[in-house]
Amino acid sequence: MIPDDFDELDLLAGEYVLGTLGAQQAKVVAEALPSHGALRYAVADWERLLAPLLAAVPAVPPPPTLWRRIEAQLPAAAESGWRAWLRRQWDAPPVWRWMTTGAVAGLLAITLTIPAALRDDGPRYMAILTAIGDGRAGWLVEGRGRVLEPVALAGVTTPSDRDLELWLIADGAPPQPVGLIAPGRVLPVAGKVLAGGKLVLAISLEPKGGSPTGAPTGPVLYSGAMRRLR
Amino acid sequence: MGNDAVAASCHPNPGDGGGMTPRDLAAGGALDALIRQVAGGDRVALRHLYERESPRLYGLALRIVRRPDAAADAVQDAFVQIWRNAASFSPAMGSGGGWMASIVRYRALDMARRLGRETLTDAIPDSIDESPSPLEHLETARDAVRLRRCLERLDDKGRRAITLAFINGLSHAQVAEHLAIPLGTVKSWIRRGLASLKECLAA
Chain A
1 MIPDDFDELD
11 LLAGEYVLGT
21 LGAQQAKVVA
31 EALPSHGALR
41 YAVADWERLL
51 APLLAAVPAV
61 PPPPTLWRRI
71 EAQLPAAAES
81 GWRAWLRRQW
91 DAPPVWRWMT
101 TGAVAGLLAI
111 TLTIPAALRD
121 DGPRYMAILT
131 AIGDGRAGWL
141 VEGRGRVLEP
151 VALAGVTTPS
161 DRDLELWLIA
171 DGAPPQPVGL
181 IAPGRVLPVA
191 GKVLAGGKLV
201 LAISLEPKGG
211 SPTGAPTGPV
221 LYSGAMRRLR
Chain B
1 MGNDAVAASC
11 HPNPGDGGGM
21 TPRDLAAGGA
31 LDALIRQVAG
41 GDRVALRHLY
51 ERESPRLYGL
61 ALRIVRRPDA
71 AADAVQDAFV
81 QIWRNAASFS
91 PAMGSGGGWM
101 ASIVRYRALD
111 MARRLGRETL
121 TDAIPDSIDE
131 SPSPLEHLET
141 ARDAVRLRRC
151 LERLDDKGRR
161 AITLAFINGL
171 SHAQVAEHLA
181 IPLGTVKSWI
191 RRGLASLKEC
201 LAA
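Sequences listed follow chains A and B, in order.
Position one of the first sequence corresponds to residue 1 (my numbering), numbered consecutively onward.
Position one of the second sequence corresponds to residue 1 (my numbering), numbered consecutively onward.
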């Protein structure tokens, strides 16, 4: 089992990266990785921290036939030119992703500003929350009146025994819980809180049902500043 | 096992080229560019990647599985995985060299486990090479300097257990055998060592 406590989880991840775990335990960790964000984060962190030690291992020329063996295992058909080009454009980080993020933000700014100007039902706010790990845009949170609506910008998988919780951090104050994130769910916030000073939103990984303490207990996965649109 | 998942894992602390020398940065940049080309389906780029990195990666695998045929299998599997998963690599996640080393290590560790690493405790310790000391190689880049400083703060036992295990791909049982101490003691040294290491590195 993967421990709930982050320190325990981090030690397990460290043992996994060291390689000391037995076959059974290593398999449990490897199989949990794709769906367990916190575990994946911890493993990646240990890999990065310990990697410099590998410089101590001398390089050894591999057998001369090895490249041919690898080549024989690659898929036979080469991609046609335009498909390869398209895939490269799509995969090329990070300019393309930022362009996408920028386009989404721009579009949203326009769609939010125009109706608001027409109907004048109070200011609009928006935040793009980026992943703490790799800086990718993960969530777009729209605020209007007294509600916040988080929308996932990329596929998000949460372990079945965990929930994502949204937090609002007003200038220097401790994080206030906003609520658990679910597809299409709109989260109410106290009146006028959005109109306050500098606001930052954050999303943390919490036990099912949300943080039992009223403060974030799990790792913070995304964060971003809230901006007023008009 | 879930090696694909590991290869696709996201690395924290983006783009910390940190205290690398300009030469390291240029070399790392070239490696990252090759991986990007591989992601676009460029076989020639994979070949370049192989020519550049295979001796280092084969050395890592050989150190863990200790058999040339198994080490070659591990590197072969790893390169097929690098070909398939190159699109999931982003320089923002960490170094390309580290990404490839992790893929090879997990393949080699799986193989070592299948070859009966857990039961081979008596045959293996003789072949473990503890010289040169791994710490002597930790001189240049800033990340390495920090790791060295934090490793030096651990007590001797914890430091030896951790570096032995990581570099040679040893199980708890093999570390115990090599250092001639009980298995339970090794486990707690390693856990304590990891916890202090993390605390020091995070400071």
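Derived by calculation from the structure, the hints in this document are not laboratory data.
Idealized CB from N, CA, C, for every residue including glycine.
A couple of the hints might just be wrong.
[To be verified] Quick look at which bits of chain B chain A covers, simulated, 3 or more residues with Cβ under 8 Å:
#1 43-50
#2 71-84
#3 167-179
[Claimed, not checked] Just a sample of chain B residues kept apart from chain A, beta carbon distances all over 10 Å, derived:
#4 R56
#5 D143
#6 E152
#7 R153
#8 K157
#9 P182
#10 L197
[Said to hold, decoys possible] 30 Å max Cα-Cα, derived DSBU-like pairs, lysine-lysine:
#11 K157(B) x K27(A)
#12 K187(B) x K198(A)
#13 K157(B) x K187(B)
#14 K198(A) x K27(A)
#15 K198(B) x K187(B)
#16 K27(A) x K187(B)
#17 K157(B) x K208(A)
Structure-based check of all given hints:
no.	hint	result
1	43-50	holds (count 4)
2	71-84	holds (count 7)
3	167-179	holds (count 6)
4	R56	violated, 5 Å
5	D143	violated, 6 Å
6	E152	holds, 13 Å
7	R153	holds, 14 Å
8	K157	holds, 15 Å
9	P182	holds, 15 Å
10	L197	violated, 8 Å
11	K157(B) x K27(A)	holds, 28 Å
12	K187(B) x K198(A)	violated, 47 Å
13	K157(B) x K187(B)	holds, 11 Å
14	K198(A) x K27(A)	violated, 45 Å
15	K198(B) x K187(B)	holds, 17 Å
16	K27(A) x K187(B)	holds, 19 Å
17	K157(B) x K208(A)	violated, 40 Å
Consistency with the previously given hints fails for numbers 4, 5, 10, 12, 14, 17, ordered from lowest to highest.
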